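Participant: Residue numbers (our numbering), protein chains in the order written: chain A, 1 to 310; chain B, 1001 to 1297.
Hints listed in this document are in silico derivations from the structure and should not be mistaken for laboratory results.
Note that the structure is a prediction, hence the values are computed from the model and not measured.
There could be a bad hint or two in this list.
In silico lysine to aspartate or glutamate, EDC-like type, Cα no more than 20 Å apart, as pairs [to be verified]:
1) A:K14 <-> B:E1167
2) B:K1010 <-> A:E63
3) A:K71 <-> A:D46
These stretches of chain B come out as covered by chain A in the derived footprint (C-beta under 8 Å, 3 or more residues) [unchecked claim]:
4) 1029-1037
5) 1062-1073
6) 1100-1106
7) 1112-1118
8) 1143-1153
9) 1228-1235
Non-contacting residues of chain A with respect to chain B, defined by C-beta distances greater than 10 Å in every case (computed) [what the hints assert, rightly or not]:
10) K71
11) T88
12) E110
13) G157
Where a beta carbon is used, it is the ideal one built from N, C-alpha and C, also for glycine.
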Amino acid sequence: MHFTRKKRSLNTNKSLSMYALLVPGLIFIFIFNYLPMYGTLIAFKDYNIFAGNNPIDAIFKSEWVGVKYWKQLWSESMFRQAFRNTLTISIMKIVIGFPIPILLALFINEIRSVLYKRTIQTVLYLPHFMSWAVIGSLLLSILGTTGPVNTVLRTLGLNNVAFFMDANVFPWVLVISALWKEAGWNTIVYLAAIAGVSPDLYEAATVDGATRIQRMRYVTLPSIASTIMMLLILRLGNLMAAGFDQVLVMYNPTVYSTGDIIDTYVYRIGLGQLNFSLGTAVGLFNSVINLILVTTSNLFSRKAFGRSIW
Amino acid sequence: MKKKIPLKEKIFQVINGLIFAALGLTMLLPFINLLAKSFSSESSVLAGRVGLWPIGFQTGTYRYVLTEPQFIRSLFNSILVTICGTIIAMILTCMVAYPLSRGWLKGRKIFILIFVFVMLFNGGMVPTYLLINSLHMLNTYWALILPPAFSVYNMILLKNFFEELPESVEESARLDGAGNMDILFRIVLPMSLPAIATIGLFYAVGFWNNYMGGVMYITDPKFKPLQQYLYELVTETQRLQEDLITGELNLDRDAINTVPDAIRAATIMLSSIPIMLVYPFLQKYFVKGLVVGSVKG
Chain A
1 MHFTRKKRSL NTNKSLSMYA LLVPGLIFIF IFNYLPMYGT LIAFKDYNIF
51 AGNNPIDAIF KSEWVGVKYW KQLWSESMFR QAFRNTLTIS IMKIVIGFPI
101 PILLALFINE IRSVLYKRTI QTVLYLPHFM SWAVIGSLLL SILGTTGPVN
151 TVLRTLGLNN VAFFMDANVF PWVLVISALW KEAGWNTIVY LAAIAGVSPD
201 LYEAATVDGA TRIQRMRYVT LPSIASTIMM LLILRLGNLM AAGFDQVLVM
251 YNPTVYSTGD IIDTYVYRIG LGQLNFSLGT AVGLFNSVIN LILVTTSNLF
301 SRKAFGRSIW
Chain B
1001 MKKKIPLKEK IFQVINGLIF AALGLTMLLP FINLLAKSFS SESSVLAGRV
1051 GLWPIGFQTG TYRYVLTEPQ FIRSLFNSIL VTICGTIIAM ILTCMVAYPL
1101 SRGWLKGRKI FILIFVFVML FNGGMVPTYL LINSLHMLNT YWALILPPAF
1151 SVYNMILLKN FFEELPESVE ESARLDGAGN MDILFRIVLP MSLPAIATIG
1201 LFYAVGFWNN YMGGVMYITD PKFKPLQQYL YELVTETQRL QEDLITGELN
1251 LDRDAINTVP DAIRAATIML SSIPIMLVYP FLQKYFVKGL VVGSVKG
């Protein structure tokens, strides 16, 4: 008896310092993540920032208006347009941007020279580490009227393309530049999965006379299939994230019709026009869809592959 | 024993190598073009004559940018925010990841859920802005340092890494009477250097590249980070090009605001140099760290 009691108290002591370690993190997310969630109340209120002693106090003191802003939301054509664009751009990014890193990883894996392989990887990862502010200004300089791309087009006898002002072209600029920036980086997970494939499998396949393509098709791909599926599902869960920091740098009023996404719309009406309640309503709409998509896809991933992000 | 490589294999290696060399070039050429522009005369840049080599070589653009007070101020701000932010973020992240990586901790699942939930759902831009406003953090360094100072995603990566560490070392240390803190500082942290370097790099790059924080919370030029400075250059240039096309060009206003292309190029180069310098050295670490942290099912 005595012994077990002592053990238990030791255990509590052992845990106590662990809980203490968690406290700063918990306080942090309470303030910076959970408080703003509570702030979404103003999507159902007529928020007046001067109604209280400070903006948070004003949340309590503002008047309830129920679903007023939710009705207004759907009557705004700009919102419907932003919603449509978010889905379009996001789907384009998945269709084009998802398979290419897999293909790249398969072929990077075939490079024999270790030094060359590492050099290529270093170069392909590079743009991932640049901010969209840098890449945006880089693109503006490359794709502008006096930039090299249009110079090449002109020497080929073609017309200038207004990459940043032609509403038909702009979504492609977003999709291709995101591909350019992230495709290399996204190979990492696949390369890691490929590295985990047992060399015996390759040897056996080679002995059986399998060609390189057959080895890729029948050994490598099936071995990383669960990784691919899991990442695809998680990517689908993030459908509402069409690339806020990318679009904000690159878009302008001439391409709102195809380039304005929900996040940039919230930014303009919420922080630009200070329409706090409407901005919050749009943001909340976005977050709720996101929550549903992510939890569903994660659940699916766990059921189907036994793997999930949490 | 050296195996003889068949001819077919050699041909494949060469072609595959060449394709990746071409892909690699598409990553590098834009930066080389920008570098060339930054050393070229403004007239040749405007005429679209600069390719991969400077035309009308000059270094005045760099002298201009490096003596531009706002650039220097913003550079200083970015360095300050990156250093302070990364230190705070690493301390917070390690403090949370360590307890959550210990399977025996009671209530561990609930705590993990509390942290993971913020990845799934967020209050959105406007409530966050109002919070920062209430905390009197608008136009302070805190608005740039604190909101991104804890990433649940990075915490989970680090937690997964901690979980992979062999238990035997910890067990024998416990038998010798080591407490949680001894184990954290003497065993877990020293054994996790690749993961810590990786996550530190992620945070540092995140802080350095963060322009949204500035755009949302900073209007006072004193506190603007470098990326916001760049963002404003871009949007200004965009607005100008639009005005040129729509014919609303106001020479009085725009002649003052226009930033020559060559100077813009030099600004971009100078603000990406720190990352280009640091990153190849850390690559070896972050590949190792990321792989161990993320592959786990």
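Participant: Against each hint, give a clear statement of whether it holds in the structure.
Facilitator: Status of the hints after comparison with the structure:
no., hint, result
1, A:K14 <-> B:E1167, "holds, 16 Å"
2, B:K1010 <-> A:E63, "violated, 75 Å"
3, A:K71 <-> A:D46, "holds, 14 Å"
4, 1029-1037, "holds (count 5)"
5, 1062-1073, "violated (count 0)"
6, 1100-1106, "holds (count 4)"
7, 1112-1118, "holds (count 6)"
8, 1143-1153, "holds (count 5)"
9, 1228-1235, "holds (count 6)"
10, K71, "holds, 18 Å"
11, T88, "holds, 22 Å"
12, E110, "violated, 6 Å"
13, G157, "holds, 16 Å"
Hints 2, 5, 12 from the earlier list are contradicted by this structure; the remaining hints agree with it.
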